[in-house]
Amino acid sequence: EDQVTQSPEALRLQEGESSSLNCSYTVSGLRGLFWYRQDPGKGPEFLFTLYSAGEEKEKERLKATLTKKESFLHITAPKPEDSATYLCAVQGYSGGSNYKLTFGKGTLLTVNP
Amino acid sequence: KAGVTQTPRYLIKTRGQQVTLSCSPISGHRSVSWYQQTPGQGLQFLFEYFSETQRNKGNFPGRFSGRQFSNSRSEMNVSTLELGDSALYLCASSSLGQVQGHGYTFGSGTRLTVV
Numbered sequence: 003e004d005q006v007t008q009s010p011e012a013l014r015l016q017e018g019e020s021s022s023l024n025c026s027y028t029v030s031g032l033r034g035l036f037w038y039r040q041d042p043g044k045g046p047e048f049l050f051t052l053y054s055a056g057e058e059k060e061k062e063r064l065k066a067t068l069t070k071k072e073s074f075l076h077i078t079a080p081k082p083e084d085s086a087t088y089l090c091a092v093q094g095y096s097g098g099s100n101y102k103l104t105f106g107k108g109t110l111l112t113v114n115p
Numbered sequence: 005k006a007g008v009t010q011t012p013r014y015l016i017k018t019r020g021q022q023v024t025l026s027c028s029p030i031s032g033h034r035s036v037s038w039y040q041q042t043p044g045q046g047l048q049f050l051f052e053y054f055s056e057t058q059r060n061k062g063n064f065p066g067r068f069s070g071r072q073f074s075n076s077r078s079e080m081n082v083s084t085l086e087l088g089d090s091a092l093y094l095c096a097s098s099s100l101g102q103v104q105g106h107g108y109t110f111g112s113g114t115r116l117t118v119v
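Taken in sequence, the protein lines are chains E and S. Add 2 to the 1-based position in the first sequence for this note's numbering, that's all there is to it. Add 4 to the 1-based position in the second sequence for this note's numbering, that's all there is to it.
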């Protein structure tokens, strides 16, 4: 069974203070690892998909990286508008992993001005 | 381009009743998935449909069911509601559900409260 563990559960930063969020996973053949951002009362908003170890993707102040066991979401010089819950999810190749995402419980990021 | 539309946004039901939730995917998207989100369990997969066929189902009781229509719109139904069914129900659509991993676009969800 696919599993995703995110840490920390909550993170409070000062504006401009860079940090990283962690996503550890186990999956039977990785089809893709996804990062989403979720604001209160809204659905998750897609950020990145990573497909293989060593891959990196960037978007504004966010950079996602992937190894065979974990992914990191690096936030550089965050701003208050980056405050949200960040969700990590995996999709596998085999059997029950197909066509579904297994999510971690998320990291609640708060950026203070 | 319109996003994923879920209706209704909020719903209050009584234990024992049944409920139907609706999801209209992004135009051209043929894969629709449903997830349940609660504070304790996070997002959990319910089922996924592609071209009116259910391809995968999560570990939920048979009270949870769904279907997809020929225009890709999808509905999910929960019968004999229990207090524990209170949650945010999210629908996601994808144009590449059949191909190697791709981002799924989520709707804003239906907030179901069972009293």
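Hints were generated in silico from the structure; no laboratory data involved. This structure is a prediction, so every number in the text was calculated from the model and none was measured. Even glycine gets a Cβ: it sits at the ideal position worked out from N, Cα and C. Do not rely on the hints blindly, as some may be mistaken.
FRET-style restraints, in silico, Cβ to Cβ [to be verified]: (1) S:S112 / E:K65: 36 to 42 angstroms; (2) E:Q16 / S:R67: 44 to 50 angstroms; (3) S:G66 / E:S96: 22 to 28 angstroms; (4) E:N24 / S:S26: 35 to 41 angstroms; (5) E:Y53 / S:N75: 39 to 45 angstroms; (6) S:E79 / E:S30: 36 to 42 angstroms; (7) E:P42 / S:S55: 30 to 36 angstroms; (8) S:R115 / E:T28: 36 to 42 angstroms; (9) S:G7 / E:L110: 36 to 42 angstroms; (10) S:E79 / E:K65: 36 to 42 angstroms; (11) E:T78 / S:V119: 42 to 48 angstroms; (12) E:T7 / S:R13: 37 to 43 angstroms; (13) S:T42 / E:T112: 20 to 26 angstroms.
Going through the hints against the structure:
{"no.": "1", "hint": "S:S112 / E:K65: 36 to 42 angstroms", "result": "27 angstroms, violated"}
{"no.": "2", "hint": "E:Q16 / S:R67: 44 to 50 angstroms", "result": "47 angstroms, holds"}
{"no.": "3", "hint": "S:G66 / E:S96: 22 to 28 angstroms", "result": "25 angstroms, holds"}
{"no.": "4", "hint": "E:N24 / S:S26: 35 to 41 angstroms", "result": "37 angstroms, holds"}
{"no.": "5", "hint": "E:Y53 / S:N75: 39 to 45 angstroms", "result": "31 angstroms, violated"}
{"no.": "6", "hint": "S:E79 / E:S30: 36 to 42 angstroms", "result": "31 angstroms, violated"}
{"no.": "7", "hint": "E:P42 / S:S55: 30 to 36 angstroms", "result": "34 angstroms, holds"}
{"no.": "8", "hint": "S:R115 / E:T28: 36 to 42 angstroms", "result": "32 angstroms, violated"}
{"no.": "9", "hint": "S:G7 / E:L110: 36 to 42 angstroms", "result": "24 angstroms, violated"}
{"no.": "10", "hint": "S:E79 / E:K65: 36 to 42 angstroms", "result": "39 angstroms, holds"}
{"no.": "11", "hint": "E:T78 / S:V119: 42 to 48 angstroms", "result": "45 angstroms, holds"}
{"no.": "12", "hint": "E:T7 / S:R13: 37 to 43 angstroms", "result": "31 angstroms, violated"}
{"no.": "13", "hint": "S:T42 / E:T112: 20 to 26 angstroms", "result": "21 angstroms, holds"}
The earlier numbered hints that this structure contradicts are 1, 5, 6, 8, 9 and 12.
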